[in-house]
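Counting with my numbering, you get residues 4 to 353 for the letters of the sequence shown.
Since the hints were derived computationally from the structure, they do not count as laboratory data.
Please note that a few of the clues may not be correct.
Claimed, not checked - Pair ranges (Cβ atoms, derived): (1) S147 <-> R204: 53 to 59 Å; (2) A239 <-> Q160: 36 to 42 Å; (3) Q291 <-> Q160: 26 to 32 Å; (4) L225 <-> R159: 15 to 21 Å; (5) I78 <-> N134: 27 to 33 Å; (6) S236 <-> V344: 22 to 28 Å; (7) S258 <-> N134: 28 to 34 Å; (8) S258 <-> R316: 21 to 27 Å; (9) S229 <-> G314: 20 to 26 Å; (10) A82 <-> R139: 21 to 27 Å; (11) D332 <-> E223: 30 to 36 Å; (12) G314 <-> E223: 19 to 25 Å; (13) I92 <-> P347: 41 to 47 Å; (14) T297 <-> A82: 55 to 61 Å.
The C-beta atom is built at its ideal place from N, Cα and C for all residues, glycine as well.
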Amino acid sequence: MNERTDSRTDPRAGPRIDAGAGRAAATRSRHPARALFWRLFAINGLVFTAGTFVLALSPATVSSPVLLTEIPVLIVGLAVIITANALLIRKSLAPLDALTTLMRRVDLLRAGDRLTDSGNGDLAQLIGTFNEMLERLEAERSASSAYALAAQEGERQRIARELHDEIGQSLTVALLSLKRVVDRAPEELREELRSAQETVRASLDEVRQVARRLRPGVLEDLGLHSALSALSSDFAEASGIAITREVDPGLPALSGEVELVLYRIAQEGLTNVARHSHARHVELSLRQEEGRLTLRIADDGRGGVRREGAGIRGMRERALLIGARLTVDSPPGGGTDVRLVVPPHAVKES
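Build out the structure end to end from the sequences listed, making use of the hints.
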C-alpha cells in the first residue's frame, strides 16, 4: 500500500522548509540593495493601496468629464499620498545621509569615528559593513605606521651613532690638534687659531646636540622624568622661551614604547612652539588622572592653527601606536594647547 507524505504533517519536511527560508533570509541579508528595493516597493504599494481604499470608501465621486468642484478633492488626495510616500521613504533612507557625512569627515588618524545603527533593518548591514571597513583600515594604518616609525627610530639611532662616533670623534681630534698648534704657534697667529678652535668646539657641541635629539640616550639610561627635564632645558636654552615643567613624581612604570611616544610628542610639540607660535612662555606637564596619563604642551603664542602640518600628523600617528588620543586646541590669539591622553590599558602599573 502506497502512502503519500503530506509536507504539512511529515516532521521530516519541516527542516527542509526552515532551511530554505534560512537560505532566502541569508540571500536577502547579502543583498542590501535588493532588500531596500523591496522596502521602497512595499512603502509605495501600501501608500497607494491605502489611498485607493480611502477614495473607494469615501463619499467623494469623480465624474466624467471631471467637474471643477471635484478637482480640489483630487488635488488634496494626491498631495496626501505624495506627502505620506515622501515621509516614509525619507525616514527609510535617512541613515544614508549620516553615512555620507561620515565618509566625508572620516580620518584614519582619528580612530573611533563610527556610525551607530539607527534601527533601519535594511541599511543595518550596510552601516555594519562600513564600520568594519573602517576598523580594518585603521588597523592596517596603525600597523603600517608602527613599521614606518620603527624604521624611522632605527635610522635616527644609526645617524646619531655616526654623528657621535665618526663626526664627533673627528672634530674632537681636530680640536686637540688645534690646541697643540696654538701652543706652538707664533703670537701673531694665535688669535686666529683660537678663533678656529672655538668654531670647531661650537661645531662639536652642535653635533652632540643633534645626536642627542636623534637618540635620547637619557631616556634609555635615566627614564622619562630625566629625559623631559633635559628636553625642557635644551628647549629653553636654544629658543629663549621660558618653560614651566611639571611631571607627576608618582607616575607608574611605563613600557619603553609608551615612554618613547610621550618623549617624541613632547619633543615635536616644543619644536612647533619654537618654530611657529611666537610665544613667550610654554607649559609642559605630565600627570596621571584616574588611571590615564595626560601630556600637555600649552603656549601663550598667536595660535590659529587651521591646517595640520606634517609635525602634528606625525604626533597623531605616534599616538595611534599606543591607542592614545591627541587633541590640538588653537584659537586665534589664544595660544595652542596640545594634549595627549593615554588610556589606562596602555599604562603598565608598577
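Each hint tested on the structure:
1. Between S147 and R204 the beta carbons are some 43 Å apart, a value that contradicts the proposed interval 53 to 59 Å.
2. Separation of A239 from Q160 is about 26 Å and departs from the stated range, judged on CB atoms against 36 to 42 Å.
3. Judged by the Cβ atoms, the range 26 to 32 Å given for Q291 and Q160 holds: they are separated by roughly 29 Å.
4. One distance hint, 15 to 21 Å for the beta-carbon pair L225 and R159, holds here, with the actual separation near 19 Å.
5. Against the hinted window of 27 to 33 Å, the Cβ-Cβ separation of I78 and N134 comes to about 45 Å, which falls outside the hint.
6. At about 26 Å, the CB distance of S236 to V344 agrees with the hint of 22 to 28 Å.
7. Judged by the Cβ atoms, the range 28 to 34 Å given for S258 and N134 holds: they are separated by roughly 30 Å.
8. Between S258 and R316 the CB atoms are about 24 Å apart, so this pair conforms to the stated range of 21 to 27 Å.
9. Between S229 and G314 the CB atoms are about 24 Å apart, so this pair conforms to the stated range of 20 to 26 Å.
10. The beta-carbon spacing between A82 and R139, approximately 47 Å, falls outside the hinted interval of 21 to 27 Å.
11. Taking 30 to 36 Å as the suggested C-beta distance range, the pair D332 and E223 conforms, at roughly 32 Å.
12. Roughly 24 Å separates the CB atoms of G314 and E223, a value that falls within the hinted 19 to 25 Å.
13. Checked against the hint of 41 to 47 Å, the C-beta distance between I92 and P347 comes to roughly 46 Å, which is consistent with it.
14. Between T297 and A82 the Cβ separation comes to about 58 Å, which falls inside the hinted range of 55 to 61 Å.
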